[in-house]
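Engineer: Working from the sequences, and respecting the hints, build out all of it.
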Amino acid sequence: MAVATDQVTLQVDGVSVTVPKGTLILDAAKKLGIDIPIFCSHPKMEPVAVCRMCLIEVEKMPKLQPACAIPVAEGMVVRTLTDKVKQYQQGVLEFLLINHPLDCPICDKGGECPLQDQTFQYGPGASRYDFQKAHFDKAVPLSDKIVLDRERCILCWRCTRFTEEISGERELALIKRGVHTIIGTFNDEPAQSVYQGNWTEICPVGALTSRQYRFISRPWDLDRTPSVCPGCAMGCNIQIDSRHNKIGRFQSRENLEVDDGWLCDQGRYSFPYFQRDQEFGSPSIRRDGQLAAVSYPEAVAEAAARLQRAGSSAAGWASPGATNEELFLFQRLFRETLKSPHLDHRQQGIHETDPEDIGLPIADIERCDHVVVLGGQEVIDAAPVLHLRLHKSQRHGVAVHRVDEVKAGLAAVPAEATVVGVLATAARRADAITLQNQLVSKVKGSVRRLIVVRGPNGRGAKDLGILPHLGPGYAVLNGRAGRPRAEWPKAGIRALYIYDASPLQEFGATEAELDWLRSLDTVIVQRFKPSVLDEYAHVVLPGRAFPEKDGTMTSMEGRVQRIATGIDAAHVWDDWRILQAVANAMGAGWPYRTSESIFADLAKAVPAYAAAAPAQGRVLWGER
Amino acid sequence: MAEKKILTKDFGAPGLAHLAGYEQTGGYQAYQKALKELQPDALVEMVKKSGLRGRGGAGFGTGQKWSFLPKGVYPRYLVINADESEPGCFKDRYLLEASPHQVVEGLLIAAFAIGCNLAFIYIRGEYLPQHEALEWALAEARQAGYIGKNVLGSGFDVDVILHRGAGAYICGEETALLTSLEGYRGEPRLKPPFPAIKGLYGKPTVVNNVETVATLPHIVSNGPDWFATIGTETGKGTRLWCMSGHVNRPGNYEMEMGAPIRELIYDLGGGVWKNRKLKAFQPGGASMMVLLPQHLDVGLDFDAIQKAGSLAGAGAMVVMDETTCMVDMCRRYVEFFHHESCGKCTPCREGTFWMTNVLTRIEEGEGKAGDADLLLEMGNNIDGRSFCPLGDASTWFPRSCIKYFRDEFEQHVTEHACPFRKERVMVA
Chain A
719 MAVATDQVTL QVDGVSVTVP KGTLILDAAK KLGIDIPIFC SHPKMEPVAV CRMCLIEVEK
779 MPKLQPACAI PVAEGMVVRT LTDKVKQYQQ GVLEFLLINH PLDCPICDKG GECPLQDQTF
839 QYGPGASRYD FQKAHFDKAV PLSDKIVLDR ERCILCWRCT RFTEEISGER ELALIKRGVH
899 TIIGTFNDEP AQSVYQGNWT EICPVGALTS RQYRFISRPW DLDRTPSVCP GCAMGCNIQI
959 DSRHNKIGRF QSRENLEVDD GWLCDQGRYS FPYFQRDQEF GSPSIRRDGQ LAAVSYPEAV
1019 AEAAARLQRA GSSAAGWASP GATNEELFLF QRLFRETLKS PHLDHRQQGI HETDPEDIGL
1079 PIADIERCDH VVVLGGQEVI DAAPVLHLRL HKSQRHGVAV HRVDEVKAGL AAVPAEATVV
1139 GVLATAARRA DAITLQNQLV SKVKGSVRRL IVVRGPNGRG AKDLGILPHL GPGYAVLNGR
1199 AGRPRAEWPK AGIRALYIYD ASPLQEFGAT EAELDWLRSL DTVIVQRFKP SVLDEYAHVV
1259 LPGRAFPEKD GTMTSMEGRV QRIATGIDAA HVWDDWRILQ AVANAMGAGW PYRTSESIFA
1319 DLAKAVPAYA AAAPAQGRVL WGER
Chain B
2 MAEKKILTKD FGAPGLAHLA GYEQTGGYQA YQKALKELQP DALVEMVKKS GLRGRGGAGF
62 GTGQKWSFLP KGVYPRYLVI NADESEPGCF KDRYLLEASP HQVVEGLLIA AFAIGCNLAF
122 IYIRGEYLPQ HEALEWALAE ARQAGYIGKN VLGSGFDVDV ILHRGAGAYI CGEETALLTS
182 LEGYRGEPRL KPPFPAIKGL YGKPTVVNNV ETVATLPHIV SNGPDWFATI GTETGKGTRL
242 WCMSGHVNRP GNYEMEMGAP IRELIYDLGG GVWKNRKLKA FQPGGASMMV LLPQHLDVGL
302 DFDAIQKAGS LAGAGAMVVM DETTCMVDMC RRYVEFFHHE SCGKCTPCRE GTFWMTNVLT
362 RIEEGEGKAG DADLLLEMGN NIDGRSFCPL GDASTWFPRS CIKYFRDEFE QHVTEHACPF
422 RKERVMVA
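The listed protein sequences derive, respectively, from chains A and B.
When the letters of the first sequence are read in order and numbered with this note's numbering, they come out as residues 719 to 1342.
When the letters of the second sequence are read in order and numbered with this note's numbering, they come out as residues 2 to 429.
Hints may be right or wrong, so weigh each one.
Derived list of chain B stretches under chain A, where covered just means 3 residues or more per stretch with a C-beta under 8 Å from a C-beta of chain A [claimed, not checked]:
1. 282-294
2. 349-357
3. 373-387
Worth flagging that the hints you see were computed from the coordinates, not collected in a lab.
Values in this document were obtained by computation on a predicted structure and should not be read as measured data.
Where is the CB? At the ideal position from N, CA and C, for every residue including glycine.
Structural biologist: Right, dumping it as structure tokens:
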């Protein structure tokens, strides 16, 4: 229980509320369900009180006070519904609109615009302003991703503060002054940030809009589906907004433990890769050197027959963009049905792959006192939203050391450090473990690591045994280990099954591997969009893109999260269904009807997954 | 009646702008006395006891302001606000030009009193000769050992940085000044925290006006009791009044607090020019509310002027004769605030723009019935609602003019023209 002195009791509109000391009036009111209108205020940024929308009455204070910036005090009496407040709210909205173009009918924001909504709720019915409005540039390209409409801008500073406080890039600034003030980049150079999409989400008007989404849809026409970003292993929560069964945009779906409400542009603007903007071919079988369209059952039968001929000399590669359910079935197909141990999900090289124990959950970066980013920018490039968490932590006093070498990382952290984190990409996992071990002997506190694996489900692929030397749950294979992908061309492999689940994490064959593919008896390609591999395939099994299926993904920190079907592709078989059909054609007898039923079996095979199922909100093998 | 000269008593003495001349008039004696005989805390008490109130505009107790600094938090900074930009104000310019050392000595006393080792002077960018005078004075003071390490063997270290502003009125507002001094856009900061707690570079900071610190050597030399005998109950000492407008002898006049306005305008200023009648006057500068001939016997003092319905502000006295169009005055002033609005907050940014449009329309004879009320309502939505006093102040003069001269506004509207156009004279 909190200590009494840390709590403050105040009254808002006659109702008492007790909140922690330091709470802003706005948040205390929110706790009571009292909505104070805001524009500039943002829960993740320091209060600036520039828009003046949130002014309310506080007893004993002669002037109206900004609820977004004033902390509560014991015995404070706040009034948000007085005539004085209401009259002022009309006044400030009238001010905000005198130079606003009111082009709502053609504005992307219309329908989800705080300015529009609050004008309806709190504004005057009509304006008394009868002069020419101040005119500014419209449709200013800020970058290849963002368009700025300077007339719609109400100068709330959210975007400029984002680039200062959230990303630390200081890319947007206020230029000129007074009514002529505009937002812009230095010298009008294109913005370089990889977090620009967030600007459009925090903009309380239609000033900053995404080029990809311009004039695509009205918000009320969108279907919204919760999902997880397919870009990288970070596991940022997204919402797939679609219209007429087409993806319109990805929006963030705040998860404080993971993304803190932000997305990177790589992830946000990746949706065209998953757009079924044309038909991507039916199942097909190579006959006389040409791919010929067949039905799913025919293609499945052909694939099964070919795989069965290869038996334990078949190899399987599955993308780290596939769901846990699909990966689980994929490894069962190989280990149980074909008795082949040759499984992999990795692209090139062999990375040592042990369980990710002593892991550092993403949100715990903020609770470290020292964080070593081994590889610096390459770690950020692999999971860009990680930078925002690091920047936030740094602002709150966490020492973040960006180093290239283990030695430098060891030197950067003092012996007194109590909570230390090591961040690295999978490519430098061995170095990260070396550093972690050395730090453990040096510092007095704990040292945990966070490895940025490849792909949104690279972690799941490891956990579920899409590896030649470890089974599901990192089970040791006792001499039954297979060969890693790099050795396949020289391992007597006769058939290769490539499950190329995501255009963002493709098989990515080298020239040498393509030569090898050409020499193989059997190449089976299961994929979403046509790819170069189709040329080498004997059987092509078209599957679905991630917005078209449901299942779970495991992020790099070991968080198992659900993706849901947002786009209907009923005419295309679900990927797990294809895998099950291939296995069953060889007599496997799997009974799955839904991805949930697969997860149930998966959780039995890897019990940690039962404990970390999406509903649990926990990370795998985590302490919390 | 004459002026009561304290700050300006030696003005005109030969070489006053230079160290030797200033020392001849007793200059830097107060500083030496402070260093040798007084503890910082005693100095703060002395200034509190003197009743000195800030001369920048708000009239806040100087000693009280100093005592808001949190104990034991260092470094702490002293910043002298020499960004005098209020239309109608030119007293700091006069003080800096005529006797820059007096300002420097006052600054050094203040720095010693509050335990500041690095002080700043933020001077208006347009004040180039005054900047040069200060630069010269600082160099001389440095050379004489008044500025530097272990000043005169007292153990007190002090340095002064002189910084030129870049031409924004808003930077006269103390938090905007600090922001600008740090190298950012000149925009006011959220208060609280007040500068005393979190000011320049996040450190405890005192911002004092030029005239305020120029008064300090006299308080130290003659004692707080002497100072407290001058002026009124709540306004001690003298003030420089910058008189301009339709008056025979415009200029700076140092007056005892509480002396009647009539003395300033008529006895010292020689009355309204061209034998015209006094229509109105405005104490405090462009921001402040207009007063009428009926207020001529009000005392030149913070509280008396406030009671009369205006504010003493930074000590300007703008005199308007009977040919002055009050609508045009409003238009000019509001246009100024519109031009100088930093754009940070909505009411000031949009409100000054809209008010300018309305006032221009009325002055051009295109006003609409109800425009005066529209201005009042707009003023109500700006005053007390904007982020800093710039927005608030933009509404005070026009609203007071509508209060006293509503007929004039309505005459503009009904006659579709400015009744003063033919004989209008440029003011301010």
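Engineer: Taking the hints in turn, state whether each one holds.
Structural biologist: Here is what the structure says about each hint:
1. By the rule of at least three residues with a Cβ nearer than 8 Å to a Cβ of chain A, the coverage given for the region 282-294 of chain B is violated, with 0 such residues.
2. For a cut-off of 8 Å, the count of residues in the region 349-357 of chain B with a CB near a CB of chain A stands at 6, and the three-residue condition holds.
3. Counting residues of the region 373-387 of chain B whose beta carbon lies closer than 8 Å to any beta carbon of chain A gives 8, which meets the minimum of three for the stated coverage.
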